[in-house]
Every structure is written in C-alpha cells, then in structure tokens.
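A.B. asks: Protein chains in written order, with UniProt numbering: chain L, 1 to 384; chain A, 1 to 384.
Please keep in mind that the hints were generated in silico from the structure rather than gathered at the bench.
A couple of the hints might just be wrong.
Each pair may be met inside one copy or between any two copies, as identical chains are not told apart.
Stated by the list, open to error - Restricting the straight-line Cα-Cα distance to at most 25 angstroms, the calculated cross-link-like pairs of lysine to any residue (SDA-like) are:
#1 Lys25 / Thr217
#2 Lys259 / Val358
#3 Lys236 / Gln328
#4 Lys317 / His26
#5 Lys210 / Asn3
#6 Lys130 / Gly101
#7 Lys232 / Glu17
#8 Lys311 / Ser36
#9 Lys216 / Asn154
#10 Lys210 / His156
#11 Lys4 / Glu17
#12 Lys259 / Asn177
#13 Lys232 / Ser332
#14 Lys130 / Ser314
#15 Lys216 / Ser76
#16 Lys232 / Glu95
#17 Lys25 / Ala253
#18 Lys219 / Glu17
#19 Lys259 / Glu271
2 protein chains.
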Amino acid sequence: MNNKLMLMIPGPTPVPEAALLALAKHPIGHRTSEFSNILAEVTENLKWLHQTQSDVLMLNVSGTGAAEAGIINFLSSGDRILVGSNGKFGERWVEVGQAYGLNVEAITAEWGKPLDPALFAEKLQADTEKQIKAVIITHSETSTGVLNDLETINSHVKEHGEALIIVDAVTSLGAFNLPVDAWGLDVVASGSQKGYMIPPGLGFVSVSPKAWEAYKTAKLPKYYLDLGKYRKSTAKNTTPFTPPVNLIMALHATLRMMKEEGLESIFARHERLKNATRAAIKGLNLPLLGADSCASPAITAVAPQGVEADKIRSLMKKRFDIALAGGQDHLSNKIFRIGHLGFVSDRDILSCIASLEVALSELGYENFTPGAGVAAAARVFSQS
Amino acid sequence: MNNKLMLMIPGPTPVPEAALLALAKHPIGHRTSEFSNILAEVTENLKWLHQTQSDVLMLNVSGTGAAEAGIINFLSSGDRILVGSNGKFGERWVEVGQAYGLNVEAITAEWGKPLDPALFAEKLQADTEKQIKAVIITHSETSTGVLNDLETINSHVKEHGEALIIVDAVTSLGAFNLPVDAWGLDVVASGSQKGYMIPPGLGFVSVSPKAWEAYKTAKLPKYYLDLGKYRKSTAKNTTPFTPPVNLIMALHATLRMMKEEGLESIFARHERLKNATRAAIKGLNLPLLGADSCASPAITAVAPQGVEADKIRSLMKKRFDIALAGGQDHLSNKIFRIGHLGFVSDRDILSCIASLEVALSELGYENFTPGAGVAAAARVFSQS
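Next comes chain L alone, as it looks inside the complex:
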C-alpha cells in the first residue's frame, strides 16, 4: 500500500491538513494588502510563540541559513566567540564561525552528553577584558536528542554582561518553553519544518535590542542574510525579497492552530511524548543514547544492542511505512532517532512503539516481553 507514510523523523515533521491545503492554493502577489495582512498576523503570532516583544524575522532559508544570519549580523572578523559543540549542529556553528574568520573556541562534550555549563562559566569569568562577543548554543541537539542546559549557560553569559547569547532552537522552539524575553535570549534561530508544522523552506530569527546594538558596529559582509533589511520591511508588513508565499500561507494556518492549542499545552504534549517514548524504549530494554536529565522534547535517540539500528529503520519503513531517522557521522548505524516534534499525537507514539515491537521481533531481538513497550507508553499517557 502506498502513500501511508508516517514521518517520525526530526524534520520534516508531519504537516496538518490545513497547512497542506494552504500550500495548494494559487499564490497571491506579495506586494498586495492581502498578503500584508497575512504577514502582519504571522509576525504577531511569531512574537507570541517566541514570547518576545522584540523582532522575529522570517527568511527564505533553511534552519542553517537562519542560524548563520543569527551569527553573522552581530559580529566582526576576529571576534572571539564560544561555541558549544556536542553534536552535528554544534559542529556546524563552529564551521560557520571559522568560515567568517571569527576567533572560535569550541566547548565540546561527547555526542550524547550535554554541554557542561561550568566550562562556559570558567571561560566567561576569566574574560575580564570582555573580549568574548558571543556564546552560541544548540539548545536541542537534533543529531543526538540531547537538550543542553541553556538556562544555566545563559545565566553565566548574563554575568559576563558583554557577550550575546545566540541560540540554535531549531528543534526546541515550539516544543519546549523558551521565553525569549524572560530569559534575555539575544538571538534565537529556528526552521519551519519542525515545531512550526509546515514543510521546510522558512527560517526564523528573533533579535533582542542588545543584539540590534551589536548589529550597528558588526562588519561581516552580508546582503541576502542582512537582518536589518528584514527588520525594516517587517515593520511595514512586507519583505525585502520575494518571500515563499505558499509556505507563509501554510504558516499562517499552523500558527493559528498553535495559538488555539496554547503554549502550555504544546509544551506539555511534547513532554508527554518524550516521556512515553523513553518509557517505552526502556520497557523494550533498548539503551537510550542520552540521559533522562538532558532528554530533548523533540527527538529520542536509541542505541540498540544486538540488532543493527539501520535494519530496524529499514524494516519499520518497509513493514509499516514509518520513517525513523538514522545516526549521523560516527553514529551512523549505531543509533536510530524517533522524532516526536510538531504535529504528533499520543496515538502516533503508540503506533510507532507497537510497530517497533513487531519489527524487533522479526529481526530476532528477544530481550523484551511483547507488549512491554506499548504498556510503558500507555502508563505515561494514563498518568499525565
């Protein structure tokens, strides 16, 4: 049977019907009052989602493009920055900094382990001359399912006083409580194919007043990624360049859905999906890659023993049309990742776990009691 795909990867995530139908509409002109009205509402709702009174800008780029814009708009060649790196995306922001000639210091942790806030505190406290201009943190590391302790790291950045905190929130925004103003997050980057529940193609960057101050003297070259242009246009409910009209119409629909669900419910749902998934995996006696204390609300990485990760993924796809993500780089075939981000319900987790039990059995994995995974997930759902 075709066309019954269930996406359980950390992006693209499942897209609700309202967004699919919006995508299928004939585009309208982007220099019209009709489109400006849509942009005005989208901008308001983006601020609501980011819990900020400051700017949230929308670019026609992937999450990487958004994060790059969030870095290069506020820095100059040679600036010293600290970059947390404990997975594929942390490594990427190190590369971006290097590509632009920044003085990058990577603060690393093993893939699957969280960043140690004390290492940041040490560097920041030692920097009495205030040369560190920014600290870049991947909040939810998509490659490993680790949630870094942004709040504590950010408290050290605040004590430092000079450095900006720049956050890759690609798989945490819309899944985990990230109060941009309350925490004083200067730059937060995200992408549409995650918590936003629409296909890939849009990136978002929130910018604090402090970051706009830094923008004034930042000298890295930019044009398409120049956030000042987006700020100016957004204030007039328009865009500096032709925007991806259909994706924005879809976003218009999903942001309304999110407002209807409410932030607290959204965060509680992701917490519940995470807990149920992790309980189920434990119930199946499969090792989790990361500890519960640093588990991402969006992705659960499993490091199976006695059965190959990619064989599980392959059978899940073939037998049940469920797409799971694999491991990246040195974790390839060592882990599989279950995405539970965005338009994902309790029922989806039950489907996924029940199917996983069948796949494991068919692959000869016998270290579990049939039904134990589903029962463990069910317990979480019954209790929450």
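For this one, chain L is given, so just place chain A on it according to the hints.
C.D. replies: Relative to the frame of chain L, chain A by itself:
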C-alpha cells in the same frame, strides 16, 4: 466573487494544477532514496533547461539569494567588477558588490533603456592588465521589461578572456533562449516563481568549469551560500541543508511539463505573448516604456498618458481580479507592468487586454477604438 485571481505580474507567476497538487502532498524525508530519485531527475532537467553539461545548483533562497551566491562564490574582497545597471535589479547587484567590499563599477543606462554593449567593450579593452574579474548583467530587467543584449556584451567579455560573465536570468530563463554552454555563460542565476511555474522559494545557479576555477581562490566568506557544498551534495543526489521538499516536488512536476512542451515551443510562446501584448498596447495608443528592439519576453511595461497607472491596476484588480504589477521606485504610478511569464497562454493575454479595454473606458480614457487592443493581439496570434 472570490478566489478567481489571475496573476499577470512578473512573479509569483501562475502555478499549474500539477504543481499545486504536488505542494499539497505530505512531505517525505529528504534523506531517503525516494527523494534522491526526485533530485536526480530534477537536476537532469535543470541542466536540460539551462542547456548545459555543467552544474546547476538549487538553493532554498529567493532569486536575490541565488544571484548573491552567484557573485560571492567567485570573487575576493577588492576585486574589480563591472555591473550593468538599468533598473531595480541592476542596482541591487551593485549593492551586493559594495556590501562585500568589491571594487564595483556600475555601467548605467536610464530605466527603460537597454545597456550599451559598447561601454562594456571600452572598459574591457582598456583593461590590459586583466583586473576586471567579473561582468554582471541583468538579462531581463524585471523592473522595466527591458531585455539587455547579453549576447553582445558577453562577446566582449570573451574577448577580454579573464572576466567571468555572471547573469541574473531571473525573468529570462525559461522564457528566452539562453544556451548556457553555447554562449559560455559562467554563472546564471534564476528563481522558482518565474519561468519555472512554481511558487517562490527556490533559487538556481549554473556554474561553468571556468567559474569553478575562480571558486578555488575566491575568498569572500560564505557558508549557507557556499556553492561548493551544493556541488558536492548534488553529485550524490542529496542536499547540504534541509531542502524545501514540497517546492521540489512541485518543480519535479513543472520541469516534466516544460520538457513535454519543449524548449523551442516555450520560447516561441513567450515571444508570441510578448508580441501580442505589445501590439495590443499600441492598438490602445498607450505608450510602451521600452523599445521593441529590447523588449523582454516576460514583462511588458506600459507608461499610460492621461490616466494614472495605479488607477488602472486598482480597477483591473477590483473589476476583473487581474493582478498587474506597478512601477518601482521613481517609476511608481508612472508605469504598470503586465507579466506574461511561465504558465501563461494566448487566452490569458486576450482576457487581460479585453479587461484592460473596459477598465480604460471606465476611467475615462478615450484615446482608442474599443476592440482595437484585442484585435491587435488577435492578429499576432493568428499570424504566429
């Protein structure tokens, strides 16, 4: 009556049903063999459309992002470049060059007039030390409907030998014969919401072997716009960053439609639409902004006398739900622009002109014989 919009602007252009339905499909994972197969066919068809054996790369950006990538990947700070500027987009490439610290020399013409190839010849011939590293030309200037004489300018670039020819073909590719290899065009940038017949969101850049040689020593900083990353991934039928999956599925559909129609038919159709539109405007005794000898196959700009351009646009929208484009910057309210690019048929031109006649009459413009516009367009269609 709602939802009967007819887009006659130079982008977004009308989108055929096959593409709309592809947009409405649930996204699939971008790291799957299913998606790689789509990418492989799309890449082949992009090469066909560009008439090149070299690379055509696809980025998640607007046309401006594609053109910027096409500039910054092949140059270093301080490099001398010539930029043709006779409209909004020519001016934009001057700005991009300046933003990156290039030594930009703008070669200008009045908006509505074509660039003079002799001015390029002069500069290029005088440059015996071969310091000019690139010549940037907007082929079809969207803001004015002027088609610049790329072939002649390029012949001077070829005589120079050192400089790259970088082309903004955003509203010419897929409308006008642009044989990338036969003409030796080093870099050609375009965008999805034009001749490609899908909504905005994708940019394209073709790159010649000579441009790849320049890439090796080019030093401008870049990451998301680094074409080397796209080349590497495209060779493996994948993408360096999460691609806009749904837009690519739509492009997959429209490129098949284009192949079915055939390049010669596509170009002949645009030539016919252009000729019919211009004949009709002349039949209505309305002045055209540009001369026939430099008329874009994609956009016709009209500079009405005795009736305000924006009043015409406004009434055309209100009365017939036909969207026409306005003038930009100093041409605001001085011209209106009829887009006839992409998924536009002979019938659409007849609809547009017939409606325009009604609108002109209602606005008190009496300098034409009712029916004369339609009759002039009909003559072109009957003869071709």
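A.B. asks: Give a verdict on every hint.
C.D. replies: For each hint, the structure was consulted:
Proximity of Lys25 and Thr217 under a CA criterion of 25 angstroms is satisfied in neither setting, with 42 angstroms inside one chain copy and 45 angstroms between copies. In this assembly of identical chains, Lys259 and Val358 lie within 25 angstroms of each other by CA distance neither inside one copy nor across copies; the values are 37 angstroms within and 45 angstroms between. Taking the shortest alpha-carbon separations for Lys236 and Gln328, only the inter-copy value of 16 angstroms comes in at or below 25 angstroms, while the best intra-copy value is 42 angstroms. In this assembly of identical chains, the alpha carbons of Lys317 and His26 lie at most 25 angstroms apart only when taken from different copies (16 angstroms versus 33 angstroms within one copy).
With identical chains, the CA atoms of Lys210 and Asn3 are never at most 25 angstroms apart, being 48 angstroms at best within one copy and 44 angstroms at best between copies. Taking the closest pair of Cα atoms, Lys130 and Gly101 come within 25 angstroms of each other only inside a single copy of the chain (19 angstroms); across copies the shortest separation is 29 angstroms, beyond that limit. In this assembly of identical chains, Lys232 and Glu17 lie within 25 angstroms of each other by CA distance neither inside one copy nor across copies; the values are 33 angstroms within and 35 angstroms between. In the homo-oligomer, the alpha carbons of Lys311 and Ser36 lie at most 25 angstroms apart only across protomers (20 angstroms), although the nearest pairing inside one protomer, at 49 angstroms, exceeds that limit.
Proximity of Lys216 to Asn154 under the C-alpha cut-off of 25 angstroms is restricted to the intra-copy arrangement: shortest distance 23 angstroms within a copy versus 39 angstroms between copies. Only within a single protomer do Lys210 and His156 lie at most 25 angstroms apart by alpha-carbon distance; the minimum there is 17 angstroms, versus 50 angstroms between protomers. In this assembly of identical chains, the alpha carbons of Lys4 and Glu17 lie at most 25 angstroms apart whether taken from the same copy (14 angstroms) or from different copies (22 angstroms). Taking identical chains as interchangeable, the C-alpha atoms of Lys259 and Asn177 lie at most 25 angstroms apart only when both belong to the same chain, with a minimum of 14 angstroms there against 49 angstroms between chains.
In this homomeric assembly, Lys232 and Ser332 come within 25 angstroms of each other (Cα to Cα) only across copies, at 20 angstroms, whereas the closest approach inside a single copy is 43 angstroms. For a Cα distance limit of 25 angstroms, the shortest separation of Lys130 from Ser314 qualifies neither inside one copy, at 51 angstroms, nor across copies, at 56 angstroms. With identical chains, the CA atoms of Lys216 and Ser76 are at most 25 angstroms apart both within one copy (11 angstroms) and between copies (24 angstroms). Proximity of Lys232 and Glu95 under a CA criterion of 25 angstroms is satisfied inter-copy only: 17 angstroms between copies versus 29 angstroms inside one chain copy.
Taking CA atoms no more than 25 angstroms apart as the test, Lys25 paired with Ala253 passes in both settings, with 12 angstroms inside one copy and 16 angstroms between copies. With identical chains, the CA atoms of Lys219 and Glu17 are never at most 25 angstroms apart, being 44 angstroms at best within one copy and 45 angstroms at best between copies. In this assembly of identical chains, the alpha carbons of Lys259 and Glu271 lie at most 25 angstroms apart only when taken from the same copy (18 angstroms versus 49 angstroms across copies).
Of the numbered hints stated above, those contradicted by the structure are hints 1, 2, 5, 7, 14, 18, listed in ascending order.
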